[in-house]
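**Student:** So the protein sequences, as listed, match chains A and B.
Numbered as in our numbering, the first sequence ends at 335 without a single skipped number.
Numbered as in our numbering, the second sequence ends at 335 without a single skipped number.
Note that these hints are calculated values from the structure, not bench results.
Treat each hint with caution, since some may be false.
So the derived label-pair ranges between C-beta atoms look like this [said to hold, decoys possible]:
{"#": "1", "chain 1": "B", "residue 1": "Met112", "chain 2": "A", "residue 2": "Asp204", "range": "50 to 56 Å"}
{"#": "2", "chain 1": "B", "residue 1": "Val189", "chain 2": "A", "residue 2": "Glu282", "range": "38 to 44 Å"}
{"#": "3", "chain 1": "B", "residue 1": "Arg324", "chain 2": "A", "residue 2": "Asp286", "range": "49 to 55 Å"}
{"#": "4", "chain 1": "A", "residue 1": "Thr57", "chain 2": "B", "residue 2": "Val189", "range": "32 to 38 Å"}
{"#": "5", "chain 1": "A", "residue 1": "Pro278", "chain 2": "B", "residue 2": "Arg186", "range": "55 to 61 Å"}
{"#": "6", "chain 1": "A", "residue 1": "Glu108", "chain 2": "B", "residue 2": "Ala260", "range": "30 to 36 Å"}
{"#": "7", "chain 1": "A", "residue 1": "Ala207", "chain 2": "B", "residue 2": "Arg186", "range": "51 to 57 Å"}
{"#": "8", "chain 1": "B", "residue 1": "Met112", "chain 2": "A", "residue 2": "Ala260", "range": "34 to 40 Å"}
{"#": "9", "chain 1": "A", "residue 1": "Asp16", "chain 2": "B", "residue 2": "Asp16", "range": "16 to 22 Å"}
{"#": "10", "chain 1": "A", "residue 1": "Glu108", "chain 2": "B", "residue 2": "Thr57", "range": "48 to 54 Å"}
{"#": "11", "chain 1": "A", "residue 1": "Gln290", "chain 2": "B", "residue 2": "Arg324", "range": "42 to 48 Å"}
{"#": "12", "chain 1": "A", "residue 1": "Asp204", "chain 2": "B", "residue 2": "Val189", "range": "50 to 56 Å"}
{"#": "13", "chain 1": "A", "residue 1": "Gly298", "chain 2": "B", "residue 2": "Pro147", "range": "46 to 52 Å"}
{"#": "14", "chain 1": "B", "residue 1": "Asp204", "chain 2": "A", "residue 2": "Thr2", "range": "50 to 56 Å"}
List of simulated lysine to any residue pairs, SDA-like, C-alpha gap at most 20 Å [what the hints assert, rightly or not]:
{"#": "15", "chain 1": "A", "residue 1": "Lys144", "chain 2": "B", "residue 2": "Tyr238"}
{"#": "16", "chain 1": "B", "residue 1": "Lys211", "chain 2": "A", "residue 2": "Arg269"}
{"#": "17", "chain 1": "A", "residue 1": "Lys39", "chain 2": "A", "residue 2": "Lys211"}
{"#": "18", "chain 1": "B", "residue 1": "Lys144", "chain 2": "B", "residue 2": "Leu288"}
{"#": "19", "chain 1": "B", "residue 1": "Lys39", "chain 2": "B", "residue 2": "Thr57"}
{"#": "20", "chain 1": "A", "residue 1": "Lys113", "chain 2": "A", "residue 2": "Val88"}
{"#": "21", "chain 1": "A", "residue 1": "Lys211", "chain 2": "B", "residue 2": "Thr57"}
{"#": "22", "chain 1": "B", "residue 1": "Lys144", "chain 2": "A", "residue 2": "Glu141"}
{"#": "23", "chain 1": "B", "residue 1": "Lys211", "chain 2": "A", "residue 2": "Thr57"}
{"#": "24", "chain 1": "B", "residue 1": "Lys39", "chain 2": "B", "residue 2": "Lys113"}
{"#": "25", "chain 1": "B", "residue 1": "Lys308", "chain 2": "B", "residue 2": "Ser22"}
{"#": "26", "chain 1": "A", "residue 1": "Lys299", "chain 2": "A", "residue 2": "Lys211"}
{"#": "27", "chain 1": "B", "residue 1": "Lys144", "chain 2": "A", "residue 2": "Asp58"}
{"#": "28", "chain 1": "A", "residue 1": "Lys144", "chain 2": "B", "residue 2": "Ser22"}
{"#": "29", "chain 1": "A", "residue 1": "Lys144", "chain 2": "B", "residue 2": "Arg269"}
{"#": "30", "chain 1": "A", "residue 1": "Lys211", "chain 2": "A", "residue 2": "Pro233"}
{"#": "31", "chain 1": "B", "residue 1": "Lys144", "chain 2": "A", "residue 2": "Tyr238"}
{"#": "32", "chain 1": "A", "residue 1": "Lys144", "chain 2": "B", "residue 2": "Glu141"}
Chain A is nowhere near these chain B residues, computed Cβ spacing over 12 Å in every case [stated by the list, open to error]:
{"#": "33", "residue": "Asp27"}
{"#": "34", "residue": "Thr49"}
{"#": "35", "residue": "Ser273"}
All values derive from a computational prediction rather than experimental measurement.
We put the beta carbon where it would ideally sit given N, CA and C, even for glycine.
2 protein chains.
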Amino acid sequence: MTNRFWRLDAHPHGNDFASAFSLQNEDVPTAGPGQVVIKNDYLSMDAGTRMWITPRTDGYQPPLPLGSKMVGLCLGRITQSQAEGFAVGDLVRCFGQWADYAVVSPAESGLMKLDEDVADVRQHFGALGMNAWTAWAGLVEVAKIQPGETVLISAAAGATGSLACQIARNLGCKVIGIAGGPDKCRFLVEELGVDLAIDYKSDDVEAELAKVEGGINAYFDNVGGPILDAVLPNMAHYGRIALCGLVATYDKDNATAGPARFDQILMRRLTISGFFIPDFLERGTDFLPQLRKWLDEGKLVMHFDETKGLEHTLDAYSRMLTGRNIGKVVVDVRT
Amino acid sequence: MTNRFWRLDAHPHGNDFASAFSLQNEDVPTAGPGQVVIKNDYLSMDAGTRMWITPRTDGYQPPLPLGSKMVGLCLGRITQSQAEGFAVGDLVRCFGQWADYAVVSPAESGLMKLDEDVADVRQHFGALGMNAWTAWAGLVEVAKIQPGETVLISAAAGATGSLACQIARNLGCKVIGIAGGPDKCRFLVEELGVDLAIDYKSDDVEAELAKVEGGINAYFDNVGGPILDAVLPNMAHYGRIALCGLVATYDKDNATAGPARFDQILMRRLTISGFFIPDFLERGTDFLPQLRKWLDEGKLVMHFDETKGLEHTLDAYSRMLTGRNIGKVVVDVRT
Chain A
1 MTNRFWRLDA HPHGNDFASA FSLQNEDVPT AGPGQVVIKN DYLSMDAGTR
51 MWITPRTDGY QPPLPLGSKM VGLCLGRITQ SQAEGFAVGD LVRCFGQWAD
101 YAVVSPAESG LMKLDEDVAD VRQHFGALGM NAWTAWAGLV EVAKIQPGET
151 VLISAAAGAT GSLACQIARN LGCKVIGIAG GPDKCRFLVE ELGVDLAIDY
201 KSDDVEAELA KVEGGINAYF DNVGGPILDA VLPNMAHYGR IALCGLVATY
251 DKDNATAGPA RFDQILMRRL TISGFFIPDF LERGTDFLPQ LRKWLDEGKL
301 VMHFDETKGL EHTLDAYSRM LTGRNIGKVV VDVRT
Chain B
1 MTNRFWRLDA HPHGNDFASA FSLQNEDVPT AGPGQVVIKN DYLSMDAGTR
51 MWITPRTDGY QPPLPLGSKM VGLCLGRITQ SQAEGFAVGD LVRCFGQWAD
101 YAVVSPAESG LMKLDEDVAD VRQHFGALGM NAWTAWAGLV EVAKIQPGET
151 VLISAAAGAT GSLACQIARN LGCKVIGIAG GPDKCRFLVE ELGVDLAIDY
201 KSDDVEAELA KVEGGINAYF DNVGGPILDA VLPNMAHYGR IALCGLVATY
251 DKDNATAGPA RFDQILMRRL TISGFFIPDF LERGTDFLPQ LRKWLDEGKL
301 VMHFDETKGL EHTLDAYSRM LTGRNIGKVV VDVRT
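This is chain A alone, in the form it adopts within the complex (with noise of 0.2 Å):
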């Protein structure tokens, strides 16, 4: 019985993954007290853990110590467990490790049971996932979005940008979506029905965001960059930025700089705010009936980018971080 698992043994350069990563073997883990082990059926890969492999320590959590296993979020099935709540054969999800088996702690790794009669298990990814979880709490709770109001989405065709388009539409507001190339807007405007999606490889941004009448009241910004600063002009006034990731600097060493147009923010009298999911791990319980009500009902779908076996993970976190996926990447590494 042997557990696969990806090592860290360097803080990789750009999207390079083959020189920091590592397949290495070891015994399948038992579970010590408080503990439960887990046979991993799929892998979320998230671009918000590309910023745990750096080694800056300014992030929102420390980085991840090279030698470790790396960290991300897992769903499968209890195989051991000395935790109490939590028994053999529970379908869960937590921020585990790329393993064939995952080994954690309940409180510390945000352990959740998940209900078992969603059809495709991978919405727990999807749907009713962090993903979600975040798009809703991003546009509900810190942009505090109203029906009727313009509010733009960056990087719409990944995970949590295509929810939040749903999401936003969902609540009654004009959706505009930003994301790269043909394919993807296409996807934005006949699978999610966004009012009108911008390719930012081949449309003035910023020319294309002066149009929109009345200027944009909510912006979901995944990304930051030059994108952030082809928006803040174009922001109606006491509009709200909901800052989900910076994507566009995590692959930097260093701190890079800020928008160039940062004096909008006085001009418009704008409200910019952090927000990190991990800060909502307790409230599922608010988001979720909502959520599967939707999932439900046909009005949120997640078009799902899957890749098979855990030895070709990293291919599949490139693939995300370069944009290359449309919608949620998961890594299948059932066998």
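With chain A's structure known, arrange chain B on it following the hints.
**Tutor:** Here is chain B on its own, set in the frame of chain A:
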């Protein structure tokens, strides 16, 4: 009967105002329908006006056309009135002109009758003035400061800053002020009762702030620029930044780079909000009773930096914009 006024002839470069303004003469203006004429007693020098005299159209109001009388806050008595609710002899404050006589319409100038029973009439530009409203709104309504929190204020020896220090102190916060030079820092500690003064000209601001136990809960920012960069990594998680001014950038003809540590907004889940006192012009009755009470109790003091004579207005303006003042810069234009 002559009215002297300052005319904006050209957009100033940096703080060279002598080449941009000229003192002109005309007959004393008469009040048109709905207007009043005011004999100015004092002019208020305010950093925000620096933005109106650039050619930039992305400021918080349109640039003042070249050839116009310079617009700024005035305090004086009405000498002619064709406006309902305002009578000859009323003591008033408004956005008028840098002149012996201002001519304004009540609504667009924010014309406001003032209490006659304030011992030093200049306090209508001080503890009871727009700077005080700005400080109150920024701390209480934007940054939502709470007793016991650590509140940081930049340009702390200026008009708005010195009032913000005292309001935060009066509301039970620990107060840290940043100012330039030993005289200002002594003023902060000895006259305003701040807990810590940091001299940005001689101290390492970032290193000093790093020593603050628990981090900065709220930052009242008047300047932007490098000081904001020093503050961002020292904010407490969930800290709030009230962005009141960006003096560091006002004399630039183009947008300048945003804070290099912008990423900390995400990492620390900060909220940064721009605000602008004209948004609060109707709120005087909410702010004034508490400010007046503190003034009468000696809990809100204002140091005035006074220049005598309309003809010396540009000296006063330059003093204020280059930070050579302590407290509120006013020009006594009584003749």
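**Student:** Quick one: which hint numbers does this structure break? Sort them smallest to largest.
**Tutor:** Result: hints 1, 5, 9, 11, 16, 17, 19, 26, 27, 28, 35 break, sorted rising.
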